[in-house]
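Q: Each chain, letter by letter, is given below.
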Amino acid sequence: MSTLNNATTPAKSGGKPFLQINRIVKKFDDVLAVDEVSLDIQQGEIFALLGSSGCGKSTLLRMLAGFETPTSGQILLAGQDIVGLAPYERPINMMFQSYALFPHLTVWDNIAFGLHRDGMPKDQVAERVGQMLDLVQLKQYAKRKPHQLSGGQQQRVALARSLAKRPKLLLLDEPLGALDAKLRQRTQLELVDIIEQVGVTCVMVTHDQEEAMTMATRIGVMSEGKILQIGAPADIYETPNCLFVADFIGSVNIFKGTVEIDAPDHVTIASPECKHYVSHGITGTEGMAVSVAVRPEKMSIQKSLPADRERDSLAEVGYNIVQGVIDDLAYLGSLTTYHVKLDNHTVIKVTLTNAARHGEAQLTWGDQVYVWWCGSDVVVLTQ
Amino acid sequence: MATATLSVTSIHTKLIGAWGRNVVIAIPMVFLLAVFLLPFLVVFKISLSEMDTVFFKDVFSLRDDVVVMTLKFGNYFSLTQDSLYINAYLSSIKIAAITTLVCLGIAYPFAYFMARSPADRRPALLMLVMLPFWTSFLLRVYAWKMLLADNGVFNNAALAMGLIAEPVKMMNTPFSLVLGMVYTYVPFMILPLYANLVKMDLRLLEAALDLGATPWQAFWRITVPLSKSGIIAGSMLVFIPCVGEFVIPELLGGPETLMIGHVLWDEFFSNNDWPMAASVAVVMVGLIIIPLAFFNKYQAESTGGRP
Numbered sequence: 030m031s032t033l034n035n036a037t038t039p040a041k042s043g044g045k046p047f048l049q050i051n052r053i054v055k056k057f058d059d060v061l062a063v064d065e066v067s068l069d070i071q072q073g074e075i076f077a078l079l080g081s082s083g084c085g086k087s088t089l090l091r092m093l094a095g096f097e098t099p100t101s102g103q104i105l106l107a108g109q110d111i112v113g114l115a116p117y118e119r120p121i122n123m124m125f126q127s128y129a130l131f132p133h134l135t136v137w138d139n140i141a142f143g144l145h146r147d148g149m150p151k152d153q154v155a156e157r158v159g160q161m162l163d164l165v166q167l168k169q170y171a172k173r174k175p176h177q178l179s180g181g182q183q184q185r186v187a188l189a190r191s192l193a194k195r196p197k198l199l200l201l202d203e204p205l206g207a208l209d210a211k212l213r214q215r216t217q218l219e220l221v222d223i224i225e226q227v228g229v230t231c232v233m234v235t236h237d238q239e240e241a242m243t244m245a246t247r248i249g250v251m252s253e254g255k256i257l258q259i260g261a262p263a264d265i266y267e268t269p270n271c272l273f274v275a276d277f278i279g280s281v282n283i284f285k286g287t288v289e290i291d292a293p294d295h296v297t298i299a300s301p302e303c304k305h306y307v308s309h310g311i312t313g314t315e316g317m318a319v320s321v322a323v324r325p326e327k328m329s330i331q332k333s334l335p336a337d338r339e340r341d342s343l344a345e346v347g348y349n350i351v352q353g354v355i356d357d358l359a360y361l362g363s364l365t366t367y368h369v370k371l372d373n374h375t376v377i378k379v380t381l382t383n384a385a386r387h388g389e390a391q392l393t394w395g396d397q398v399y400v401w402w403c404g405s406d407v408v409v410l411t412q
Numbered sequence: 026m027a028t029a030t031l032s033v034t035s036i037h038t039k040l041i042g043a044w045g046r047n048v049v050i051a052i053p054m055v056f057l058l059a060v061f062l063l064p065f066l067v068v069f070k071i072s073l074s075e076m077d078t079v080f081f082k083d084v085f086s087l088r089d090d091v092v093v094m095t096l097k098f099g100n101y102f103s104l105t106q107d108s109l110y111i112n113a114y115l116s117s118i119k120i121a122a123i124t125t126l127v128c129l130g131i132a133y134p135f136a137y138f139m140a141r142s143p144a145d146r147r148p149a150l151l152m153l154v155m156l157p158f159w160t161s162f163l164l165r166v167y168a169w170k171m172l173l174a175d176n177g178v179f180n181n182a183a184l185a186m187g188l189i190a191e192p193v194k195m196m197n198t199p200f201s202l203v204l205g206m207v208y209t210y211v212p213f214m215i216l217p218l219y220a221n222l223v224k225m226d227l228r229l230l231e232a233a234l235d236l237g238a239t240p241w242q243a244f245w246r247i248t249v250p251l252s253k254s255g256i257i258a259g260s261m262l263v264f265i266p267c268v269g270e271f272v273i274p275e276l277l278g279g280p281e282t283l284m285i286g287h288v289l290w291d292e293f294f295s296n297n298d299w300p301m302a303a304s305v306a307v308v309m310v311g312l313i314i315i316p317l318a319f320f321n322k323y324q325a326e327s328t329g330g331r332p
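If you're matching them up, the sequences are chains A and B in order. Counting from 1 along the first sequence, just add 29 to a position and that's the residue number in the numbering used here. Counting from 1 along the second sequence, just add 25 to a position and that's the residue number in the numbering used here.
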């Protein structure tokens with residue numbers, strides 16, 4: 030694939046990376062939690078480590094904070110190796126999962142905690158805490174205890190506390206995991222606004238792909254201790270570099286097949302379901318086993334054979350089209366997902382946006398349908 | 026938290042009904058009334074009566090077909106006049122306070138490391154704390170007599186090793202008394218502290234370290250304040266029975282360690298002056314209840330009504 034992101038090259042160039050993670054390894058007894066991860070993060074970036082639980086993302090974050098010591102490898106922050114530093118010696122602050130606010134201290138004292146530890150003079154502490162309370166709009170709650178606040182307010186106190194010391198690096202551990210869905214969406218953008226306003230470099234850990242895609246400038250997808258792909262949200266979604274990433278981010282239809290023609294500008298692939306026409310070259314050879322990945326929303330669905338498919342001028346005629354029966358459908362309001370059962374009993378998913386109030390197609394259970402897609406919307410996965 | 030508690034309460038209310046809940050609460054209330062408040066009132070009544078030649082007179086008497094109530098406050102007055110009582114009270118409070126502080130000093134590190142030890146090892150450690158309860162309390166206190174006596178195990182061992190030239194007097198001193206009290210009461214300090222520390226959210230300590238606190242600062246700023254309720258509970262469990270302790274001072278204490286329990290015993294059984302003894306007891310209860318009430322009020326205020 031031509032647009033594959035190299036795992037060690039950052040998206041933004043411009044000088045040395047601010048945070049460099051070099052071949053970091055963490056073993057718990059004999060279990061490899063983080064397996065030779067290398068990562069460069071630029072100043073001002075919001076970088077998300079995305080993966081399911083147990084993939085090593087939290088361990089990596091805890092090594093950045095200093096709660097775990099790497100088995101081997103280097104972590105350089107602004108050129109300085111921080112592996113040997115204790116958590117309280119690092120210019121790094123963390124917003125903890127479910128916040129870890131000190132229950133016996135007021136909002137004000139929670140935010141001032143780190144400043145007092147640095148021995149900051151009292152008037153400066155008061156000024157900084159005031160700024161932080163303004164930033165998260167909680168001035169009137171300064172005297173409250175954490176348990177007297179709502180979940181969203183607690184989240185903002187946690188953010189203010191982790192920003193109060195003006196850290197060089199801000200770590201967010203599942204920042205919005207404790208909020209309900211509606212509040213989470215609003216808070217995602219609010220959080221990004223505040224982080225960008227402060228201009229702090231940020232590494233976050235999340236299992237929620239929507240959260241990662243909304244908030245992060247770049248995402249690293251992790252599985253089994255390794256980073257599989259690094260890229261901007263759109264790169265990760267549109268050009269995943271392996272089956273795991275394609276399947277983990279969003280939903281995808283996978284067709285397994287073999288390469289028939291490997292031309293520089295297009296490829297054809299034969300799979301049991303249909304023949305595939307891919308309108309870009311791949312790094313592969315004829316006869317090679319590959320997976321063809323098509324996102325459900327890139328597919329079209331209709332009862333009759335589509336008109337443009339009959340035109341001979343189209344290079345893709347006879348390719349990228351399958352026939353089947355609607356086996357199931359999930360109406361989600363804005364979208365409808367159709368499960369189409371093909372002749373060989375494979376089920377593929379097709380998503381349609383419900384633009385019209387009562388869709389003219391009015392597809393329903395048991396309908397015979399054609400499903401087709403463009404050769405440019407296909408991703409060929411060789412791994 | 027609050028909503029969860031509410032809903033649980035309402036489910037329970039539906040199950041047994043408001044009437045049923047009142048009954049459940051009433052049973053221990055009636056029990057406490059019967060075994061604590063009524064006897065206390067009896068004692069209080071005796072403390073206001075007058076001594077006769079052999080036995081005290083009842084407060085209520087029948088004179089010319091009229092029920093007469095004679096209250097004598099003289100006992101309370103003499104309590105404030107006789108330095109014996111005042112000294113005994115002060116000495117009891119002092120010894121109980123020292124015992125409580127020593128217990129706290131021993132129990133806190135113990136409970137802390139027990140709570141931080143691997144979860145599978147904690148039941149065994151907990152068992153060790155409760156092990157002394159398996160043998161008779163008297164036997165264990167008596168054993169200390171053997172250990173601390175002038176020709177006891179400690180002195181003989183130290184003499185044999187040439188560490189000391191002549192036996193050090195340990196028995197029947199404030200030292201042996203406090204040692205015995207601490208030994209007896211330390212589990213009552215450990216258990217509430219352990220129960221508190223084991224529930225602590227360790228991420229709070231990580232958050233403190235992350236914000237620049239050294240481990241030692243994190244301990245004093247986070248762990249200790251959060252274990253306050255455990256410290257208070259443990260201190261009360263040790264302090265209150267220590268003030269009125271009778272058996273340990275009898276066995277291990279000496280002439281310098283006169284405690285109120287002994288005075289009480291003397292008044293009841295040597296002097297046979299029940300009204301005087303009763304007033305000594307009433308004042309002792311008052312001395313313990315007043316600081317307790319303050320503690321409770323402070324607790325309620327500082328936590329905003331939350332436990």
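Hints may contain errors.
[To be verified] Simulated DEER-style distance windows between Cβ atoms:
(1) B/T239 <-> A/Q160: 21 to 29 Å
(2) A/H236 <-> B/K224: 45 to 53 Å
(3) B/G45 <-> A/D209: 34 to 42 Å
(4) A/I283 <-> B/K224: 21 to 29 Å
(5) B/K224 <-> A/A171: 54 to 62 Å
(6) A/K370 <-> B/K224: 21 to 29 Å
(7) B/W245 <-> A/Q160: 56 to 64 Å
(8) B/T160 <-> A/D209: 53 to 61 Å
(9) B/Y167 <-> A/G113: 53 to 61 Å
(10) B/M152 <-> A/P120: 54 to 62 Å
[To be verified] In silico lysine-lysine, DSS-like type, Cα no more than 25 Å apart, as pairs:
(11) A/K370 <-> A/K332
(12) B/K253 <-> B/K224
(13) A/K174 <-> B/K322
(14) B/K82 <-> B/K70
(15) B/K194 <-> B/K224
(16) A/K370 <-> A/K327
(17) A/K174 <-> B/K253
(18) A/K378 <-> A/K304
(19) A/K172 <-> B/K322
(20) B/K194 <-> B/K119
(21) A/K378 <-> A/K56
(22) A/K174 <-> B/K194
(23) A/K172 <-> B/K253
(24) B/K119 <-> B/K170
(25) A/K304 <-> A/K285
[As the list claims (entries may be wrong)] To spell it out: a stretch of chain B is covered by chain A in this simulated footprint if at least three of its residues, at any positions, have a beta carbon under 8 Å from a beta carbon of chain A; those stretches are:
(26) 95–102
(27) 224–232
Because the hints were derived from the structure by calculation, they are not lab data. Keep in mind it's a predicted model, so treat the numbers as computed, not measured. Quick reminder that beta carbons are idealized off the backbone N, C-alpha and C, glycines included.
Q: Among the hints numbered above, which are violated by the structure, and what are their numbers in rising order?
A: Result: hints 2, 4, 5, 6, 7, 10, 15, 21, 22, 26 break, sorted rising.
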